[in-house]
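Please put together the full structure from these sequences, using the hints given.
So the sequence lines, in the order shown, correspond to chains C and H. Position 259, counted from 1, in the first sequence is what our numbering calls 259; the numbers after and before it change by one each time, with no gaps. Position 264, counted from 1, in the second sequence is what our numbering calls 264; the numbers after and before it change by one each time, with no gaps.
The hints are simulated quantities; they were obtained by calculation from the structure and are not laboratory data. All residues carry an ideal CB built from backbone N, CA and C; glycine is no exception. Fair warning: there could be bad hints in the mix.
One side only, chain C facing chain H, incomplete, derived with CB under 7 Å [to be verified]: (1) V141; (2) T204; (3) L238; (4) Q239.
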Amino acid sequence: MLNILGKRYLFFAFSLLLIVPGLVIIAINGLPLSIDFRGGSIVEIEMIKDKAPTSDQIILLYNDMGITDSQIQISQTQTGVIFVIRSSTLDQDKYSQVISNLKKEFDPNLVERRFDTVSPAISQSVTNRAAMAVGIATLAVTLYITFAFRGIPHAFRYGICAILGLVHDILIVISLGAIGCKFFGWQMDSLYLTALLTVIGFSTQDSIVVFDRIRENSPVLRNIPFEKMVNHSIVQSLQRSINTQLMTVDYLLLALALFGGITLREMSVVLIVGLLSGTYSSIFIAAPILVVWENKEWKTWFRKNKPSQA
Amino acid sequence: MNRRLLNLLIIIAIVIVVVLIDFPFLTQQKKDIFKRDLTPILGLDLRGGMQVIMQAPAGFNIDQEVLQETTKILEDRANGLGVSEVVFQVAGNNYILGEFPGLTNTSEVIKVIKQTGLLEWVDVGTDYIQPGTTIKTDYLAGSSPSATSSSQQPTSTPGIDSGAPSILATPQPLEKTYHTILTGSTIASVSVEPPTNPKDGYAIHFALKPEGSTVFSEFTKNNIGKMVAIVLDKKVISSPTIRSQIPNGEGVISGSYPNIFTLEQANNLKVTLHYGSLPVALEIAESRMIGPTLGQASLDKSLLAAVIGFIIVSLFMIIYYRLPGMVAIITVAIFGLITFAVYLLIPVTLTLPGIAGFLLSVGSALDANILQFERFKEELRKGRTLTQSVDLGWNRAWPSIRDSNLATVITSAILFWFGSAFGATIVKGFALTLALGVAVSLFTALFVTRTLLGLIVLKLDNVDKSKWFGL
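Following this line, the structure appears as C-alpha cells:
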C-alpha cells in the first residue's frame, strides 16, 4: 500500500517552501491590502485604443489635481484599454472632476466601469470584524468536530488538526497574494476575500471527509498502529479526494476563468491554488499532524538523529 | 421497494413545484400567491448601480430607532425624487446601507443623501443673512471633517449666549460660526397655509415636539427684535425677525416681500422640511459604483461559465462513474433547480460572491454523490449485491456528508452574521448562498441520490458491473 505518512516531513517541508517566500515578502513590504481594507478610491475606466494615454499621463493628470499617490494598472481588451486607477480617497466631486478631465484630455467617450471609495475608518472596522468572524467560525468548527468525533479517543485533536490544515491553506493563499503583489501588482481586495472564504469553506469540508474515514476505521482497526491506520484511511479516501478536487476545481476554474477582467482573473488563480491546497492539506498536513501528535514526535525533533519512522 | 417508490413520487412532486417556481410559467398566478414577481434579483455588481454606506460622524451616539427613522426618511426622499427601486437599510450599530440599482450617475445619488438636508434654527443675533447664503453653525461645525472639537449638543444651552455673535462684529461675517438652537429632529408636523392677503404669498406652518417647544419658547423670549435663521444644509432659507415670544412651539416660515412663496415653492419647502429633516447628519463612508457594461459582462460570462462547467462535470461523471454518474447529474440538476427556487422565494440577491458561494455548494452536492459512489463501489468489490451496496454505501458515506456540510453551515452562519452587521455585502452574499446551497445539498444527498440509485439497481441485478458501474 501507498505509504503517504512515511514521507510526512517531506510534505511539511514542501509546504514551508511555498509559504515562507510569501511571508518574507509580507515581512518586508506589508500586506498588499486594497482600498477595501485600507481606505482609498479605485476608478476603473475603459478607453478606445487610439485615444488611450500612457499611465504616466494619467498619473500626471492626477498630480495636477493634487492627488499624488495614484497607481495605475492597465489591461488590453479587443477594442480598448482598461485602466484601474488606485489612489487615496476621492469624494464624489473630485471623482466627477477626474472623469471630466480624462474626457477632455483623452477620450470623450470613455466608459466608467467602476468607482469605489472607502473611508479609512470603515475599512478598519470591517477588517477587524472580518478577522474576528473568521476566528469565531474557526472556534465553532473546532468545537463541532470535537463533538462529532466524540466517539473516538482524542476527539479534540481532530478539530485542532482540521484547523491547522485550514491555517496552512490560508497561509498558502496569503503567500500567493504577496507573491502576486510583488510580481504582478495584485492587491488583496474584497474578491480576494471571497476567494479566501471559499477556500476556508472547502478546506474544513475536505478535512472532515478524510477524518471521517479515520473515525470509521478507528474502532475496527484497533490492533494496528495508529500511523498505519491513518495511512490506510487516507489511501481509502484518496480516489474520492482526487475526484472531488477535479470536479470542484474544474468547475470553479472554468467558471471563473471565463468571468474575465483583471480582478476576476486574480480571483480565479487564488481559488485554483487555494482549493488545490485544501485537498493537499487534508491529506498531507492535517492527517499527518494527527500522527505527529499521537507519537509526540516533537520530543525527537531537537535531537541529532532524524525523526524515527514507525 | 414501496418506500423508494413513495420517495420517487415526492421527488417528482418537488421537481414539478420548483420548475414552476423557477421558470416563467403562470407568472400572474405566482404573483397573486407571493405578492411579487418571482424574478431573480441581481446584485449591483451584475446589473450596474451604486452602493453607499453612510455613517453618523464620530462622537455621536445614535440609537437603532433614530437609524430606522433616518432610513425611512431617505427612502421617502428617494421616491420623491423618482429614483426607483432604491433600498436603504440599517447595517449594524451605526451604518446605513443604500443601494441604487441601475443608477451610475453619482451626483443623482448624492442628491438623495447629501442634500437630504439637516434643518437648523440658528441664532444669528442681528446679522441679516441673505437667503441662499451658506453659513457655519456649531452643530457639527460644518461638513468638513477637520473640525472635530466643537460638536456640542445644541439643545442643552437655550438662548443664553444668544447675543454673542453680533457683538463681535467681525469683518467677514460669513466666516463666523453661529449657534444652532434646534434641529429638524424636533419637528412634529408641517403644513402649507394659504396667504391671508394676496400680497403675503404662501407660508409654511410648523409645530415642534414638546422638548423643542420649551427651547424655542425660551429663546424667543430672550431675543425679541433679533433674528433667527432657518437653515437647511447650512444654507439659509429665511431669517425672520422675532416679534414676540413663541410659547407653544408653533411658528410660520414665510418669505419676505417681494420674495414671497408661490404654492409650488411652499409645497417643495414643506416636503424638504418634512422629509429633509434627518435626525442625524450622515457622512458617506463607502461608495461603490459599477457601470452597466461591466455588470452585464460579468453576468453573461458567469452564465456561460456555469453552462460549460456543468457540461464538463457531466462528461467526467458519466465517463468515470457510468450509471451512477448519470444519477449524479440528475441529482445535481435537481439540486440546482431547488436551490434556485429557494433563492427566488427568500429572495436572495445574486452577486458575484453569491455565485462563488453557489458554485462551492455545487461542489458540495457533487462531493456528496462522489462519496456515496466510492463507498458503493467498495461494497460491490467486496461482493455484495447491488441493492445491499446502495444501502451500505449510503450508510457509510452519510456521516462524512453530514459532518462536512454542517461544518460549512456553521461557518457560513457566522460569516452571514458578520456580513449583515457591517454592511459587508460581499461576505453576506457569499455566506447566504453557500449556507442555503449546502442545506439543499444535504437534502438531495440524503434523499435523491439514494432513491434514484436504489430504484435503478432493482432492475439491473444481472448486468456486467464493470460496464455499468465503472468497477
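Status of the hints after comparison with the structure:
Given the 7 Å rule on beta carbons, the hint for V141/C holds: about 5 Å separates it from the nearest Cβ of chain H. At about 5 Å, the closest approach between the beta carbon of T204/C and any beta carbon in chain H falls short of 7 Å, and the interface hint on this residue holds. Interface hint at L238/C: violated, since its Cβ lies 10 Å from the closest Cβ of chain H, which is beyond the 7 Å cut-off. Annotation: Q239/C was flagged as interfacial toward chain H, and the flag holds, the nearest CB pair being 6 Å apart, inside 7 Å.
Hint 3 from the earlier list is the only one contradicted by this structure; the remaining hints agree with it.
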